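Novice: For reference, the chains in residue letters:
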Amino acid sequence: MGGASRNDKKRRQEASDRRLAAAGIRPEAKSAPDRTPLIVVGAVVVVAVVVGLAVWFVNRPAAEAVAPAYASEVSGAVIAAGTGPVVIDVYEDYLCPQCERFAERYGDELTAALNRNEITVRYHAIAILDPLTNPEGYSTRAANAVVCSVPAGIFPAYHGWLFDSQPAEGSAGLTDEELIAAGTELGATGNFAGCVTGGTNSPAIAIETGTAAADPSLRGERGFGTPTVAIDGTKIDLNRTSWLQDAIAAG
Amino acid sequence: MQRYLVPDVMGTLARCGLAAVWLISGVLKAVDPDQTHVAVRAYDVLPEAGVEIVAAMLPWVEIALGVLLVVGAGTRVVAVASAAVLLVFIAGVTQAWARGLSIDCGCFGGGGAVAPGETAYVEELLRDTGLVLLAAWLIVRPRTLIALDTRGT
Chain A
263 MGGASRNDKK RRQEASDRRL AAAGIRPEAK SAPDRTPLIV VGAVVVVAVV VGLAVWFVNR
323 PAAEAVAPAY ASEVSGAVIA AGTGPVVIDV YEDYLCPQCE RFAERYGDEL TAALNRNEIT
383 VRYHAIAILD PLTNPEGYST RAANAVVCSV PAGIFPAYHG WLFDSQPAEG SAGLTDEELI
443 AAGTELGATG NFAGCVTGGT NSPAIAIETG TAAADPSLRG ERGFGTPTVA IDGTKIDLNR
503 TSWLQDAIAA G
Chain B
398 MQRYLVPDVM GTLARCGLAA VWLISGVLKA VDPDQTHVAV RAYDVLPEAG VEIVAAMLPW
458 VEIALGVLLV VGAGTRVVAV ASAAVLLVFI AGVTQAWARG LSIDCGCFGG GGAVAPGETA
518 YVEELLRDTG LVLLAAWLIV RPRTLIALDT RGT
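If you're matching them up, the sequences are chains A and B in order.
Reminder that position 234 of the first sequence reads as 496 in my numbering, one-by-one numbering, no gaps.
Reminder that position 82 of the second sequence reads as 479 in my numbering, one-by-one numbering, no gaps.
Chain B with its partners taken away, still in its complex shape:
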């Protein structure tokens, strides 16, 4: 399989990169549930009950996606789920920007309202778009090295 080595390595890097992002962002959110609640509420989209549920589950779902990517189990399915979650994040940040809200995305912990000059919507959207591209690679070509998916081959 020597001739597939380059795309395999690229896929593996995409998988590990996405895994690292999910694990770090998930753990940072999980250790500070109040801050996560504030961050979710600041998007001003969901009713209070929805904020409670999303803030409670989001960190753990992120950690789950990260763990699955680390071990390389169901990479294509996880990549689809990752892209879906990222698109929701992009939609959330975009609506906050469009409505003139002044918030931090809370992507890696933190979050909530910030002073009007301190928003970073462009950086946040570019980063999320980059992560969607990593997920897209894995959806198109989920084959990677050192993965449970490719055990025995």
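So here's chain A without its partners, still in its complex pose:
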């Protein structure tokens, strides 16, 4: 609003007040604009933002990643990491966003427990989301690559890389070239490239996926999904954040 129109408005307001006064009507005195609502709203929203950031900060995994110090071996499409007494079965699809969240949330905790030789983690390479990439089939290609990474000697690092670089559902997924390049960069030995392009483990992954999907003990409310974690054949409720510590204490 320009100065001229503001003056104009003021003049008209005064004129109207004079007319009202002449008619014996006294307009209510206009007080300064009440800023209380703005302040209240601002304060409450600031509190909400602080709460949100605090929750995020507490749940955030430690910036310092735990270095893995355990051996792993592969059988079919199941990668057994470590040799500890508590055996944990983890079913992952490498395209599944919740699996990425699981790896982000519990990865360091699992690595630390593996390093202390408290647990054995059996990573089941699952491909249930093949139709969700275009072209289809990224889940199987990624699962194949992670199984290839074990004999190539880059397993835990490659598993972490797959989730860190997870493509979006509906995208094309990572190409075989990208899957191979990352392995080479991590120091893959042997014929890693041939294992990836040849889909060496794809049949084993299909069998493992079928077996897991048919296992009634792994079923959730909506059938079998990923990530699924089972200890002694019992599906774990991942909403209980202390599930790993509880299992180690009980085992």
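It should be emphasised that the hints constitute simulated quantities derived from the structure, not laboratory data.
Since we're looking at a predicted model, the values are computed, not measured.
Do not rely on the hints blindly, as some may be mistaken.
As the list claims (entries may be wrong) - Heads up, simulated DMTMM-like pairs for lysine to aspartate or glutamate below, C-alpha to C-alpha not over 25 angstroms straight-line: (1) A:Lys497 x A:Asp508; (2) A:Lys497 x B:Asp431; (3) A:Lys271 x A:Asp296; (4) A:Lys272 x A:Asp296; (5) A:Lys497 x B:Asp429; (6) A:Lys497 x A:Glu371.
Said to hold, decoys possible - Far from chain B by the CB rule (all over 10 angstroms, computed), these chain A residues: (7) Asn269; (8) Pro295; (9) Phe364; (10) Pro393; (11) Thr437; (12) Gly461; (13) Asp499; (14) Asn501.
Even glycine gets a Cβ: it sits at the ideal position worked out from N, Cα and C.
Fit chain B to the given chain A structure using the hints.
Specialist: Showing chain B alone in chain A's frame:
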């Protein structure tokens, strides 16, 4: 103030409706932060750091807006903020639809990719538009019954 009773009641209903939606959607998102993160990421708009921040704060901001509407404090300001947030949601769903993404809005928890035949973009946009209309009423006429704003009148 008898003659303003009808618009006052309508405004109060708009306020309570919007408050209920914010509280329910905020709480559902707050209790499952991982799911919220997945839902925000599925829109494929923000970089990872942006996804982290939005997923962390959104539930609490929604709850804050809901609480403010319940008590009726700064109704017009909250209605403006509500409309702004809703317009961002509408933009997010629209771009997902336009780009052919196949996602659930995650409006009330849940969210993330869904099978191509299971999207509900039309329903989601209609619902958000309805909520914008409730907010618009409160922006134009924030006077409602049983509100801190109108205490003492």
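Novice: Against the 25 angstroms threshold, does the CA-CA distance of A:Lys272 and A:Asp296 hold or violate the hint?
Specialist: holds, 20 angstroms
Novice: For a C-alpha distance cap of 25 angstroms, please report whether A:Lys271 and A:Asp296 respect it.
Specialist: holds, 21 angstroms
Novice: Starting from A:Lys497, check that the Cα of A:Asp508 is at most 25 angstroms away, please.
Specialist: holds, 14 angstroms
Novice: Compute the least Cβ-Cβ separation between A:Pro393 and chain B, then decide whether it is above 10 angstroms.
Specialist: violated, 8 angstroms
Novice: Minimum Cβ separation between A:Phe364 and chain B greater than 10 angstroms?
Specialist: violated, 8 angstroms
Novice: Please verify that the nearest CB of chain B lies beyond 10 angstroms from A:Pro295's CB.
Specialist: Since the minimum Cβ distance to chain B is about 12 angstroms, A:Pro295 lies beyond 10 angstroms and the statement holds.
Novice: Non-interface claim for A:Asp499: all C-beta distances to chain B beyond 10 angstroms?
Specialist: Check passes; 13 angstroms lies beyond 10 angstroms.
Novice: Is the Cβ of A:Asn269 farther than 10 angstroms from every Cβ of chain B?
Specialist: holds, 28 angstroms
Novice: Test the statement that A:Asn501 is away from the interface with chain B: the closest C-beta pair must be farther apart than 10 angstroms.
Specialist: Violated, because the least Cβ-Cβ distance between A:Asn501 and chain B comes to about 8 angstroms, which does not exceed 10 angstroms.
Novice: Please verify whether A:Lys497 and A:Glu371 have alpha carbons no more than 25 angstroms apart.
Specialist: Satisfied, since the Cα-Cα distance of roughly 19 angstroms is no more than 25 angstroms.
Novice: With the threshold set at 25 angstroms, check whether the alpha-carbon distance from A:Lys497 to B:Asp431 stays at or below it.
Specialist: holds, 19 angstroms
Novice: Quickly compare the C-alpha distance for A:Lys497 and B:Asp429 to 25 angstroms and report which way the hint goes.
Specialist: holds, 19 angstroms
The structure fails to meet hints 9, 10 and 14 from the earlier list, while all remaining hints are met.
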